[in-house]
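Given these sequences and hints, build the entire structure.
Quick note, the sequences are listed as chains E and Z, same order. Per full-length UniProt numbering, residue 1 is the first one in the first sequence, and the count goes up by one each step. Per full-length UniProt numbering, residue 1 is the first one in the second sequence, and the count goes up by one each step.
Quick caveat, the hints were computed from the structure, so don't treat them as lab data. Ideal Cβ placement from N, Cα and C applies to all residues, glycine included. Any given hint could turn out to be false.
As the list claims (entries may be wrong) - Interface residues of chain Z toward chain E, partial, derived using beta-carbon atoms under 7 Å:
no. : residue
1   : F72
2   : L90
3   : F91
4   : M94
5   : N152
6   : V153
So the chains spell out like this:
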Amino acid sequence: MSKTAELLADDPLWLIIVKVVGIFAFLVVMTLFMINWERKVVARMQQRPGPNRVGPGGWLQSLADGLKLAFKEDIRPVLADKWVYFLAPVISCVPAFLAFAVIPIGGEVSIFGERTALQLVDLPVGVLVVLACSSVGVYGIVLSGWASGSPYPLLGALRSAAQVISYEIAMGLSIVAVVMNSASLSTADIVEAQAGGWYFYLLPVSFAIYVISMVGETNRAPFDLPEAESELVGGFHTEYSSLKFALFFLAEYINMVTVSALATTLFLGGWRFPFVGDDHLLNSGWFGLLWFVLKTLAFLFLFIWLRGTLPRLRYDQFMRLGWKFLVPIALVWFVAVAFARYVRQEIEAGGLATGTVLAVFGAVLAAVLLIAFLLPDRREERDPNAVPVTGGGFPVPPLDLAVPKAPPRRRDVEVARLPKEPAAVTTGKEAGDGDA
Amino acid sequence: MSLTLLAQPGITQQVADTVTTGEAVAFWVLGPLALAGALGMLFARNAVHSALWLVLTMLSLGVLYMVQQAPFLGFVQIIVYTGAIMMLFLFVLMLVGRDSSDSVVEVLRGQRFAATVLGIGFAGLVVGALGRALTDVTPVGLVTPNTTNGGNVANIGQLLFTDYLFPFELTSALLITAAIGAMVLAFASRAKQTRKTQRELVEERFRGERPGSLPGPGVFATANSVATPALLPDGSVARESLSEIVEPTAKERLDDDVAEVSGTGHRPDARALKGES
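Have a look at this one:
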């Protein structure tokens with residue numbers, strides 16, 4: 001049992017309730033903040049002011065929007081499946097909140113004299129909880145699309161199901177290397193294991209794959225195909241209104257916060273401040289919460305930045321990226337990490353000398369390079385229909401350009417001969433007007 | 001399963017084969033839920049509802065595993081079965097469509113008989129296994145593997161990659177074979193006809209015999225039906241406007257239009273109101 005788990009085991013009931021309410025409030029406030037922040041940042045990227053009316057600096061705009069949304073009429077389409085239509089937003093919202101329970105948002109603190117860790121529970125399978133919650137959350141999206149009883153939401157739901165399942169595989173495989181290095185699935189243990197070095201530079205490939213797949217997993221731009229406005233109106237939530245729509249919105253933003261928090265936990269050292277040891281003042285008590293929130297906000301900014309920068313991918317390109325690049329790279333990477341760990345173990349046990357390992361590694365590298373140099377380059381393909389380009393890189397017409405024959409004059413074409421109207425007068429009048 | 005309701009003192013180390021109050025409560029909540037899910041799956045009329053009831057059963061089972069000190073099994077049950085497999089089922093059901101009803105015609109011969117035999121056999125197996133579990137097997141509990149040697153997950157991993165390596169690899173080979181087989185079946189027809197690339201399509205369009213779009217049907221005619229071909233300025237039918245699958249309108253019915261376009265037909269009087277025909 002880890003240190004954090006022991007700390008958490010003797011939490012009194014009131015403290016657990018305080019933590020639950022605290023996490024709930026944190027997530028809701030983060031959602032309200034995120035919506036506003038996103039609008040402001042995207043607005044600044046597009047050189048416009050963004051929301052600036054409600055509250056100080058416009059920061060209460062999303063609160064006002066949320067309240068207004070709650071009082072709107074709740075419309076249910078005639079063709080909708082009554083119960084599933086009602087259930088879908090709830091299903092998408094509950095796991096979103098649930099997943100945050102295992103995230104360690106701070107180190108050891110004392111709340112009203114009670115020593116505890118800033119985390120609700122520490123399970124031996126903590127990382128799997130987040131994955132399980134996200135896989136249950138997809139049901140909300142899929143069922144909402146199906147239950148709406150109209151084609152666009154259904155298409156959005158189908159896309160979403162395929163997308164989330166594909167990217168969850170890449171995400172899981174990228175996490176495997178982290179789990180292997182920290183020798184635990186518990187989130188608190190993973191943070192603990194990063195005392196010696198954060199995983200984003202120890203396992204850079206895992207980090208890159210995780211960051212890409214977390215954007216795919218949360219249906220955010222440039223991977224927001226399930227709700228692509230230009231193709232599917234609104235995607236799975238086209239038919240939803242009022243509070244049900246608000247729940248979908250809430251779930252999407254909470255999922256963003258959760259995957260960002262998980263990225264912080266897995267790769268950025270959790271609540272640790274960089275460059276100082278664990279017994280430093282900056283790593284003690286409530287400071288951890290501050291660093292954790294700052295790191296999470298950095299990831300959330302990345303989400304906004306991506307949305308403001310990149311256009312949406314085409315669906316087949318998107319799936320190809322997931323299955324043909326991310327998954328194989330993750331597989332090869334995690335085998336490589338396992339091999340490296342094995343070699344290190346052998347060296348530490350004295351079975352292998354460092355010199356031997358380096359020599360073998362160098363020999364393999366040299367062989368690969370030699371083969372790469374010996375392989376003939378692929379011939380450049382010549383396009384027989386290509387327009388010849390002469391100088392400067394501008395496409396100019398070729399010297400032997402055959403000028404096409406002039407088209408037949410219009411007056412050669414037979415036109416309908418209408419009887420002559422006494423139009424001369426009007427024509428003359430108009431001409432006169434034009435002259436004057 | 002003997003449910004001895006023993007109030008357990010609040011210590012983290014639990015005795016091997018006793019059932020705590022919390023566990024008993026969880027069982028009596030989740031057990032009926034799982035059963036209700038199974039019955040709902042059987043009796044739901046809509047296929048998607050049926051799948052959802054099954055999801056409820058799977059989730060209840062997953063939570064039951066967690067309560068019974070097997071957290072890894074519980075979450076893997078949720079991730080793999082609920083998250084991936086049932087999602088694929090739903091995917092197919094949604095593609096089939098909400099209104100498709102079951103076919104009454106039985107395609108497989110003798111399936112009722114086979115189903116009966118298999119059902120009875122399965123019931124016998126379940127009863128036999130349950131009976132043996134209740135009488136012969138003595139529960140040892142999961143306390144030892146959960147606390148020693150790195151805990152639950154580490155012990156499962158070690159067993160999978162040492163004692164049970166061969167069955168594990170065999171299962172994965174089976175699954176991969178199934179996946180590749182499905183892909184081969186699905187893509188066999190697609191591979192033959194090579195799709196044109198975007199570049200080829202563009203070149204075909206701009207350098208082909210006819211730049212620009214094909215004439216729409218019925219442009220010069222009095223009807224806007226697909227069956228009405230477009231007429232060229234000389235009154236002949238534009239061949240490109242003919243649909244490949246729709247039979248065009250008979251030539252005689254176009255005579256008036258042809259006459260009008262070619263200028264040989266009835267001309268309105270000079271003082272007639274035009275556009276009224």
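Practice problem: Compare the structure with the hints numbered earlier in the document and write down the numbers of the violated ones, lowest to highest. | Solution: none
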